[in-house]
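J.: Sequence:
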Amino acid sequence: MRSIAIIHRTFLAAVSIGLGVSAHAGNLLSNSGFETGGLAPWTSSDWQVVSDQAYSGTYSAKVVGNYAIQQSFAPASTANISEVSVWLKQDPAAISYVALQYSDFSESYTLAMPTNTGWNNYDLTGLMTPGKTAVGFVVYGYSGGSNGPTWIDDAKVVAAVPEPGTIAALGLGAAAMLRRRRAAR
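Residue numbers for the sequence shown follow the working numbering, beginning at 1337 and rising by one.
Bear in mind the hints are in silico, worked out from the structure with no lab data behind them. It cannot be assumed that every hint is accurate.
Stated by the list, open to error - Ranges of calculated distance between the beta carbons of each label pair, as one might list FRET restraints:
no. : residue 1 : residue 2 : range
1   : Gly1480   : Pro1411   : 30 to 36 angstroms
2   : His1360   : Gly1480   : 38 to 44 angstroms
3   : Ser1439   : Ser1418   : 17 to 23 angstroms
4   : His1360   : Asp1388   : 32 to 38 angstroms
5   : Gly1480   : Thr1379   : 22 to 28 angstroms
6   : Pro1411   : Leu1375   : 20 to 26 angstroms
7   : Ala1496   : Thr1465   : 14 to 20 angstroms
8   : Ser1381   : Asn1452   : 28 to 34 angstroms
A quick note: this is a predicted structure, and the numbers were derived from the prediction, not measured. Heads up, the beta-carbon is just placed ideally off N, CA and C, and yes, glycines get one too.
Between the sequences and the hints, there should be enough to build the whole structure, so can you do that?
T.: Here's what the structure looks like:
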């Protein structure tokens, strides 16, 4: 009887620890505002980090022409993603392409068509395909007419990330349940 009480208390402690620790939202993109002064881990042969225009901070990424900048990240279910967005600046006559890439090589995208010469936010959150696994984010610069500059800043793919304590609490709970099961035999 005493061992059951100990197991019960251990289980309750594990559950209460788990309830106090939850997932937090984190940006899956690294260097999303280019504040390191470099592109890494973004990949592109034509984009460069500049300080002449920035939505926030000191830096942004700039390209002249229809070239891509892309970043891959750890696979995340669209069910866990709460925001996909980027700030973009270019000539209002221009069109850019912004996309969330999936593991099956499909994309959810929007055509960025600014209505002014300032910074505009493009949000793809409502365009995500349910049940997909996101693995990357891509932006193509200015397309159409003459090639002009495109700047991007503060890109976001925000997803729920479990706290390390959550996994520990689950482990404690499982251990308590195993101990109880063994004691019952």
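J.: Work down the list of hints and note, for each, if the structure agrees.
T.: Hints, verified against the model:
1. One distance hint, 30 to 36 angstroms for the beta-carbon pair Gly1480 and Pro1411, holds here, with the actual separation near 33 angstroms.
2. Judged by the Cβ atoms, the range 38 to 44 angstroms given for His1360 and Gly1480 holds: they are separated by roughly 40 angstroms.
3. For the pair Ser1439 and Ser1418, the beta carbons lie near 19 angstroms from each other, so the given range of 17 to 23 angstroms is met.
4. Take His1360 and Asp1388: their Cβ atoms lie about 34 angstroms apart, and the range 32 to 38 angstroms holds.
5. Against the hinted window of 22 to 28 angstroms, the Cβ-Cβ separation of Gly1480 and Thr1379 comes to about 24 angstroms, which satisfies the hint.
6. Here the CB-CB span from Pro1411 to Leu1375 is close to 22 angstroms, well matched to the stated 20 to 26 angstroms.
7. In this structure, Ala1496 and Thr1465 meet the distance hint of 14 to 20 angstroms, their C-beta atoms being roughly 18 angstroms apart.
8. About 30 angstroms separates the C-beta atoms of Ser1381 and Asn1452, a value consistent with the hinted range of 28 to 34 angstroms.
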